[in-house]
Structure formats: C-alpha cells, structure tokens
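*Asks:* Residues per chain are reported as follows:
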Amino acid sequence: GAGVSQSPRYKVAKRGQDVALRCDPISGHVSLFWYQQALGQGPEFLTYFQNEAQLDKSGLPSDRFFAERPEGSVSTLKIQRTQQEDSAVYLCASIQGSSYNSPLHFGNGTRLTVT
Amino acid sequence: GENVEQHPSTLSVQEGDSAVIKCTYSDSASNYFPWYKQELGKRPQLIIDIRSNVGEKKDQRIAVTLNKTAKHFSLHITETQPEDSAVYFCAAPYSGGYQKVTFGTGTKLQVIP
Numbered sequence: 002g003a004g005v006s007q008s009p010r011y012k013v014a015k016r017g018q019d020v021a022l023r024c025d026p027i028s029g030h031v032s033l034f035w036y037q038q039a040l041g042q043g044p045e046f047l048t049y050f051q052n053e054a055q056l057d058k059s060g061l062p063s064d065r066f067f068a069e070r071p072e073g074s075v076s077t078l079k080i081q082r083t084q085q086e087d088s089a090v091y092l093c094a095s096i097q098g099s100s101y102n103s104p105l106h107f108g109n110g111t112r113l114t115v116t
Numbered sequence: 018g019e020n021v022e023q024h025p026s027t028l029s030v031q032e033g034d035s036a037v038i039k040c041t042y043s044d045s046a047s048n049y050f051p052w053y054k055q056e057l058g059k060r061p062q063l064i065i066d067i068r069s070n071v072g073e074k075k076d077q078r079i080a081v082t083l084n085k086t087a088k089h090f091s092l093h094i095t096e097t098q099p100e101d102s103a104v105y106f107c108a109a110p111y112s113g114g115y116q117k118v119t120f121g122t123g124t125k126l127q128v129i130p
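Chains A and B are the protein sequences, given in the same order. Using our numbering, read the first sequence as starting at 2 and increasing by one per residue. Using our numbering, read the second sequence as starting at 18 and increasing by one per residue.
Fair warning: there could be bad hints in the mix.
Stated by the list, open to error - Sample of chain A residues at the chain B side, in silico, Cβ under 7 Å: (1) P44; (2) Y101; (3) N102; (4) F107.
Just so you know, these hints were derived from the structure itself, not from any lab. In this text the structure is predicted, and so the values were computed from the model without any measurement. Cβ atoms here follow ideal geometry from the backbone N, Cα and C, with glycine treated the same way.
Given the sequences, and given the hints that come with them, work out the whole structure.
*Replies:* Now the structure itself:
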C-alpha cells in the first residue's frame with residue numbers, strides 16, 4: 002500500500018470493554034511498532050515485531066494489552082477491560098528492514114476514548 | 018534504556034525568524050537521530066535525520082546538528098513560515114534493545130504571521 006493504514010480512526014469504549022486496533026503496514030516492511038501517544042506527549046514505545054516474531058513487548062503497560070502479527074503483515078493491538086487511563090492515540094509504524102537506523106513510517110493512529 | 022530530553026516545550030517566533038529546538042540523549046552508543054513533525058490530528062512525519070558520522074546536515078530551511086561528545090542534537094529552522102507551526106519531536110534509538118526508539122516530549126512551535 003501507499004502508507005501505513007490503521008483502523009478504526011476513532012474508537013469510543015465504555016470502561017471494561019475490550020477493543021481491537023488494526024494496523025496494515027507498508028507492503029514488505031519487516032519491522033512493525035506500536036506506540037501510545039497521550040495528549041500533549043511524545044509517542045511511547047509499546048511493542049516491536051520483526052515479521053511475525055514479537056521481539057520486544059517491554060512497553061506494554063499491563064497484561065491487559067496484547068499484540069499479534071500472525072502472518073508477518075497485519076498487526077492487531079488488543080486491550081482487554083479498558084480503563085480510562087488507556088485513552089490515547091495508538092500509533093502504528095513500520096520500517097522496511099530491521100535496522101533501527103531508519104525512519105519510522107507512521108499511520109494516522111487510532112484515537113481511543115474510554116468513558 | 019534511552020533517556021531523551023527536549024527543550025523548549027513551547028516556542029513562539031515571528032514569521033521569518035529562526036527557531037532552534039534542542040535534545041539530549043543518554044545512550045552513548047546511539048548513532049541515528051531523526052526529527053519528526055506532527056501537525057494537529059495527523060501522523061508524525063520525518064523531516065530530517067542525521068547519523069553519527071556527520072556533525073551537521075541541511076535540507077533547505079531545515080538543519081540538524083549533532084554533538085556526540087556532549088550527547089545532544091538540535092533542529093534549526095530558518096526563515097520560519099506559518100506552515101512550520103506544529104509539534105516537533107526528536108528521537109533516539111536504544112542500542113541495547115530491539116528497535117526501541119525513544120521520543121522526546123515534543124516542542125510546540127507557533128509561527129506568528
């Protein structure tokens with residue numbers, strides 16, 4: 002595709018609901034990242050995939066957060082039993098290779114609001 | 018991990034003036050330093066980056082300088098225009114982990130016409 006695509010663009014969830022956020026990276030990009038961006042803050046690292054392997058999940062805030070990329074392309078970030086503090090923009094980004102010395106290509110993000 | 022600090026948090030300049038944003042990092046092994054621009058409600062987009070084998074890089078009105086000894090790098094925008102108004106983020110990778118790029122807290126730049 003032309004760029005990283007994320008859906009939905011906006012999501013409103015009631016506290017306690019589960020949500021699933023989708024990321025479709027640029028075709029052929031090996032590396033995929035999830036970031037969380039709170040209002041007025043910089044993106045905070047959540048997790049990293051190289052193809053289908055989740056190599057780093059140290060940024061996931063709790064065990065309610067789960068990410069997968071089963072076929073090495075599309076990725077899903079799932080948040081169980083959402084809490085108000087989960088409200089943020091969730092950004093997905095991809096890189097063609099696996100070197101960290103490359104710019105991140107971001108999607109437009111999913112704005113999650115937990116009420 | 019990597020600790021990235023960015024200053025100032027907000028910056029207002031008159032159109033045509035220059036703007037400078039500074040970042041410091043902690044991981045001495047970091048060797049790639051990108052800058053991203055994020056307009057309201059939009060995705061962060063790379064505007065310029067520098068690798069540690071050079072001290073300065075320019076792209077038209079934008080330049081980045083790097084001081085590896087002091088572990089800081091700066092974004093310079095000359096002849097600012099209203100469309101430069103946005104939030105700017107610096108970033109640095111953590112060499113000890115897989116791809117964990119750490120972002121600064123952002124600088125909201127306002128260019129006053």
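*Asks:* Of all the hints numbered above, which does this structure not satisfy? Sort the numbers upward.
*Replies:* none
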